[in-house]
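Undergrad: Chains S, A and V, in that order, give the protein sequences.
Going by numbering that gives the first Met the number 0, the first residue of the first sequence is number 0, and it counts up by one from there.
Going by numbering that gives the first Met the number 0, the first residue of the second sequence is number 0, and it counts up by one from there.
Going by numbering that gives the first Met the number 0, the first residue of the third sequence is number 0, and it counts up by one from there.
Any given hint could be a false lead.
[To be verified] With a straight-line Cα cutoff of 27 Å, these simulated DSSO-like cross-link-like pairs (lysine-lysine) come out:
id, chain 1, residue 1, chain 2, residue 2
1, A, K442, A, K329
2, A, K329, A, K318
3, A, K232, S, K337
4, A, K280, A, K318
5, S, K337, A, K340
6, A, K329, A, K362
7, A, K396, S, K345
8, V, K248, S, K337
9, A, K442, S, K345
10, A, K340, A, K438
11, A, K280, A, K340
12, A, K438, A, K387
13, A, K442, A, K382
14, A, K30, A, K280
15, A, K323, A, K280
Derived from the structure by calculation, the hints contain no laboratory data.
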Amino acid sequence: MKQNQKASGQFWANNSQLLIPLIAILLLVIFNLFRDPSFFSVGITTNNNGDPVLQGNLIAILNGASELVILSMGMTLVTAASGGQDISVGALAAIAGSVFVKVLKSGGAISPLTVIGGFVMCCLVAMLFGAFNGSLVSIFNIQPMIATLILFTCGRSIAYWINGGATPTVSSPIISAIGSFIPGIPIPTPILIVILMAVLFALLFRFTTLGLYIQTVGINQGAARLNGINSVGIKLLSFVLLGACCAVAGVISVSRLSLINHETLLINIEMDAILAVAIGGNSLGGGKFRMLGSVIGAYAIQALTITLYAMKVPSTDVKAYKAVVIIILVVIGSPVVKEAFDRFRKNLRGSRPVHTGKEAS
Amino acid sequence: MEQDIVLTMRGICKSFPGVKALNDVDFTLRKGTIHALMGENGAGKSTLIKVLTGIYPMDAGEIRIDGTEGAISIRSPQEAQSYGISTVYQEITLCPNLTVAENMFIGRTRARTVDWKGMEKRAGELLDSLGIPARPRQQLGSCSLAVQQMVAIARAVDTDCKVLILDEPTSSLDDNEVEMLFKLMRDLKARGVGIIFVTHFLEQVYEVSDQITVLRNGELVGQFDVEALPQVKLVELMIGKDIADLAVIKKNAPCETQEVLYEAEGLSSSESRPFDFHIAKGEVNGFTGLLGSGRSESVRAIFGADPVTGGQVRVNGKKVRIQKPLDAMKNGIGYLPEDRKRDGIIADLSVRENIILALQVIKGMNHPFSRAKAEAFADEYIKALEIKTASTETPIKSLSGGNQQKVILARWLLTHPQYLILDEPTRGIDVGTKTEIQKLVLKLAEEGMSVTFISSEIEEMLRTCSRLIVMRDRNIVGELTGGELTQEHVMRTIAGGGN
Amino acid sequence: MNKQDNIQTVRRREPITDTQLLLTITICIFVSMYVLAMLIWGGGFRKPQMLFDMLNDNAFLIIISCGLTIVMITGSIDISVGGVTALVAMVGVMILNGNLGLFNGLIASLGLGEQWRIVFALLMALLIGLAFGLVQGYLIACLQIQPFIITLAGMFFARGMITIISVDPQKAPQELMDILQNRIEIAWLGSPNKKGVMIPARMEIGVIVALAVVFLVYFLLRRTQLGRGFYAVGGNQQSALMLGVNVRKTRFLAHLLCGLLSGIAGFVFMMHTGAGNATNATAAEMNAIASSIIGGTLLTGGVGNVIGTLFGVLTLSTIKSIVTTSGLRDPWWQSITTGAMLCFFIVLQSVVLMRRAKNKEKK
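Chain S with its partners taken away, still in its complex shape:
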């Protein structure tokens, strides 16, 4: 039994950082079940094309969070490697979306080939901008937030510029297949893309040592160097990967609406992405990371938003409630409160007259 206890303790010691986002989701689930037991019911309806598709709040959460989840994956890497955050992801997604639309518009009829071409092109552009951010951070030693402030300021205008001052629409069955449903598959495509990205990152961590390197650089840059790791390159790479994530998020977002609006596309998402990383229990100061934590954090944010919508809170007011939840979460997770809690637990244990002394020795 003691062995068992130890094992479960070990498990929670390894996964304690997932505790807060999981608790957040759990609380939301319980709250919703009490409020409206049918909240989580998933139904099948028929969409405009006559295909059966899944519908319900659960699907709305999973679907709506797609861009945020993808961006928070990339943000986790940047945070871990550089100890700072990229605040230009929304602007970068807008740039990527514009490039995507530009390529689609220039090729005449929209065919699968132009869509692929557009995606490759916007990926390249976004990665290039990512490399720009990354080189400012790694070579010039500028704090990530300041370095990315540049693109934050002018990124959306660059997007506007690319499309020559218009907000063009792109309507095509292929685009709507990316943005909503592929005919015959009842699951929204963005969810599938998230799964694909998760698999890609899993493969990346499985078949390269990137995860180990990023954490090593983030924890102790000097020691990383003495072990032969190129820390400049690793930081740069993390920004380039985030650029790719921005491209994917941008394409999803454009496809949802079948148009590009540089002003509103994924507006303020950088804040949510950083929040997802923090709620996921990752230190914003860099170092050790769990991408799973950020992903759960992102879904928790979206679940909160959808819950508030379901409670008829106007979309513009959601931010205020979100802020309160964030404050509560970070206060619980703050070092001072944690320490006080640990002391409290230790006192509790100390007061029990069990043979703790012997166990210690």
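Put chains A and V on the given structure of chain S with help from the hints.
TA: Same frame as chain S, now just chains A and V:
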């Protein structure tokens, strides 16, 4: 004579879990003297200083200071300051972005506004009177380290200080700067300040000090007048003879006949002066010298840890370029750094990740070890080196110092290097583990690995190395082999050949 | 003798601090840019009113930038300032136009005149600003939570509250706005209009407030122990503690001041626009950060100057004016040039400071 005494410490004891850091230590400081506190690492110097400045509470003993009746208790650095005990630490604890004058006066007044003119005038007078070459309005960060150190001293002196503690003030200064600092110390001495001077540099001790207190393994060896203690004798007192550890180990045989594995000519880095060096296959040699003699900087140059600025390197007779650590690693060189916390461990990562790190980097980014394989490696070395850890997944920061060191050692052994550099592998480690590491070094050499070993303990070096390269003041001053490898001979070479 | 000489040469060199160096660079670039604009595009740039217009439009930005400069000097950040400004403006306008029932009752029961609404609006502005500063400062300084997250939540809260209070845009009544929008006319700085009639230069009250804030913050940072404490904490928190600075209190006060200044900025914003709107002061926090950076404040802390911040705001708006007058009329050019300018300043600062650090090592 009695009223000259400004500070008395009697029977000071301080224990940490598992270590008796200070055992019944006495210390007396006279007015207007410079008193050197000497001892190798772990001797208890810094603990004694920290007890005196209120950072650690003492377990037993009493402290008396001139001007206060009876024994005093010091609970914080601020309280120490109120008794007139000021400390200038090795790392400068000033704000580099503020001006010199501000650094001297900030946090000391209760006034709400800043009187720049008055402050700069007072600062200027103080700097002038102490002969410190800084302007009050200059930004502190633009001064050299020596001047920054002096500003810290000026601040300390201005707060009516009776006892000034200088903790390793000269370790990052060049000769001219050291000279300036000494002039300042002599001035202060003339004003009646008692100075405690902690340093590793023997010459400097003999240049400025009046008295010397030697500590070893947390015990007082003795208090001496400088004239009464020749340099060789001092080294002997500091290093002592390690009687606790008498396990017999077979010594590495000298191997002049064997082929040379690594050879460097005129190798220099941003931190070290040019030097020549070579090591044969299966040889164990060592760099010796006191801390700051350049022994660590030399091996760092071999590994490419500091930017290499010149020199030619041959490995197995082939000319190679070693510019950065990865180059060295690819040539089969491993390096266990001196500062385990800063340069060695990746604190938050697990034991497994820490062990496989170096081999993983050599193998390349696209060829990660499977989890099973990594665990197998980790388990193998946890067993082989008897690393005490809860599991392979425990974060390395929760291990004890000795076990952390074994993990780093495992990291390099796993890469199966031809040549392993161990800089202070036994520092801060219990005696049992020390012997284990020494035995391991000899076993590795028998299997054909070359090892360069650095330690502050000469005894340990003598037991493992067949050749010793002696350094003093950043230059190689001797190379000892065979019959020359006796404690006395080594100490004499370190101390500078004098008697 | 030789040594004495050595000391003398060291002491003769003019000392210049990082703060002064970056400030000088900013002022030089602003002045040369403005002079260049006067020479090339003439017209508007030669009229003093151009400068006053910049000040009129950006008075609130100057105030929040001052607050941010303080926070950034301590090595922290506050991104709630724009939200707080907008919230304060919204609340203020609604007190003025009587859409906040609470204050109508209060004013009626006290039997005060309509003009007293302005006083209440000002009081609420200060109160809201202080409340934000208090809570954020406590959470950041005492609970040691990352400032970015806390002030991000602050921004969300403020922006959310605006729409909770009123989804519809609000407008202040004209008769009260007439009092608030009293302008100061400076005849001798006037310029003739197209018909040749001299129009005196006009300056809003908000500009006086903004300049007063700049002066007060300058005094605070330069002349008080608290102000120097901000620099010390930003330079090296550990050292500041060893030097006897109360780090926790200092950090708390920095955030408190920043909150208060955002409140004042909100009131000034209301005086300028007379409108409450959910999109008010959008991205003001980033503009303020950009202004501080251009003005020579480092996000790493310990270096910065509020005079530089003033010039930072002016530089940003000069760039915008230049872009519009130079014929690049497409809407994207403004922010693209701003971004390019920001990039230039950031890289320049980084290079200057890195070279300085290297030089010091060599010495």
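Undergrad: Indicate, hint by hint, whether the structure satisfies it.
TA: Evaluation of the provided hints:
1. Between K442(A) and K329(A), the direct Cα distance comes to roughly 23 Å. Compliance with the 27 Å bound is thereby established for this hinted pair.
2. For the given pair, K329(A) sits about 14 Å from K318(A) by alpha-carbon distance, which is consistent with the 27 Å threshold.
3. Distance hint between K232(A) and K337(S) is unfulfilled; the C-alpha atoms sit about 53 Å from each other, more than 27 Å.
4. With a C-alpha separation of about 17 Å, the suggested pairing of K280(A) with K318(A) holds against the 27 Å cut-off.
5. Using a Cα cut-off of 27 Å, the hinted pair K337(S) and K340(A) holds, with the two alpha carbons roughly 25 Å apart.
6. A hinted pair counts as satisfied when its Cα atoms are at most 27 Å apart, and K329(A) with K362(A) qualifies at roughly 9 Å.
7. At most 27 Å may separate the alpha-carbon atoms for a hinted pair to count; K396(A) and K345(S) meet this at roughly 21 Å.
8. Distance hint between K248(V) and K337(S) is fulfilled; the C-alpha atoms sit about 21 Å from each other, no more than 27 Å.
9. Taking the CA atoms of K442(A) and K345(S), the gap is near 45 Å; set against the 27 Å cutoff, the hint is violated.
10. A C-alpha spacing of about 24 Å is found between K340(A) and K438(A), which places the hinted pair at or below 27 Å, so the restraint holds.
11. A C-alpha spacing of about 31 Å is found between K280(A) and K340(A), which places the hinted pair above 27 Å, so the restraint is violated.
12. With a CA separation close to 18 Å, the supplied pair K438(A) and K387(A) stays within the 27 Å bound.
13. Taking the CA atoms of K442(A) and K382(A), the gap is about 16 Å. The hint holds against a cut of 27 Å.
14. Restraint check for K30(A) and K280(A): not satisfied, since their Cα atoms lie roughly 56 Å apart, outside the 27 Å limit.
15. This hinted pair checks out: K323(A) and K280(A) have alpha carbons roughly 23 Å apart, not beyond 27 Å.
Of the numbered hints given earlier, the model fails hints 3, 9, 11, 14; all others are met.
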